[in-house]
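S.K.: Heads up: the sequence shown begins at -2 in this note's numbering, then just goes up one per residue.
Worth flagging that the hints you see were computed from the coordinates, not collected in a lab.
All C-beta atoms, glycine included, are put in the ideal place defined by N, C-alpha and C.
Do not take every clue at face value.
Unchecked claim - Derived pair list, reagent style SDA-like, types lysine to any residue, alpha-carbon separation capped at 20 Å:
1) K67 with F86
2) K27 with L10
3) K25 with G71
4) K65 with R31
5) K27 with L41
6) K67 with L77
7) K87 with G71
Claimed, not checked - Restraint-style ranges between C-beta atoms, simulated for each label pair:
8) L16 with V82: 30 to 40 Å
9) W33 with V82: 25 to 35 Å
10) S30 with R88: 27 to 37 Å
11) F12 with K38: 30 to 40 Å
12) Q0 with V82: 11 to 21 Å
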Amino acid sequence: MNQQITQALVCYLVFINILTCVIYGIDKQKARSRQWRVPEKTLLLLAAAGGSAGAWLGMRMFHHKTQKWKFKFGIPLMLLQLIAVILYFKRVI
């Protein structure tokens, strides 16, 4: 049972981080072409839902949202929090 939970969690984290990075790239592309944008709330929610590594990677790859304090400090804090939770559950499971 624990192995199935671990596998499901890993699959979820891989999916949400790839999705988040792609969404950050799409938003940057839309910003350049002055089109409708992905709301900041959505970008932050994706990061908070476990996609903080993808958000951080997307920020670096696409040079996107790197000056806004919510992203500049919030995303790394969410990433550290995610790492702490993973390490905690790794010890428990």
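S.K.: Indicate, hint by hint, whether the structure satisfies it.
M.R.: Structure-based check of all given hints:
For the given pair, K67 sits about 27 Å from F86 by alpha-carbon distance, which is inconsistent with the 20 Å threshold. Distance hint between K27 and L10 is unfulfilled; the C-alpha atoms sit about 26 Å from each other, more than 20 Å. A distance of roughly 18 Å separates the Cα atoms of K25 and G71; the hinted pair therefore holds under the 20 Å criterion. Note on K65 and R31: the hinted pairing holds, with a Cα-Cα distance of about 19 Å set against a maximum of 20 Å.
Taking the CA atoms of K27 and L41, the gap is near 17 Å; set against the 20 Å cutoff, the hint holds. Taking the CA atoms of K67 and L77, the gap is about 15 Å. The hint holds against a cut of 20 Å. For the hint linking K87 to G71, the alpha-carbon distance of about 24 Å lies beyond 20 Å, and the restraint is violated. Roughly 19 Å separates the CB atoms of L16 and V82, a value that falls outside the hinted 30 to 40 Å.
Between W33 and V82 the Cβ separation comes to about 34 Å, which falls inside the hinted range of 25 to 35 Å. Remark: the range hint 27 to 37 Å for S30 to R88 is contradicted by a beta-carbon distance near 47 Å. F12 and K38 have their C-beta atoms about 21 Å apart, which leaves the hinted 30 to 40 Å range violated. In this structure the supplied range 11 to 21 Å holds for Q0 paired with V82, their Cβ-Cβ distance being about 19 Å.
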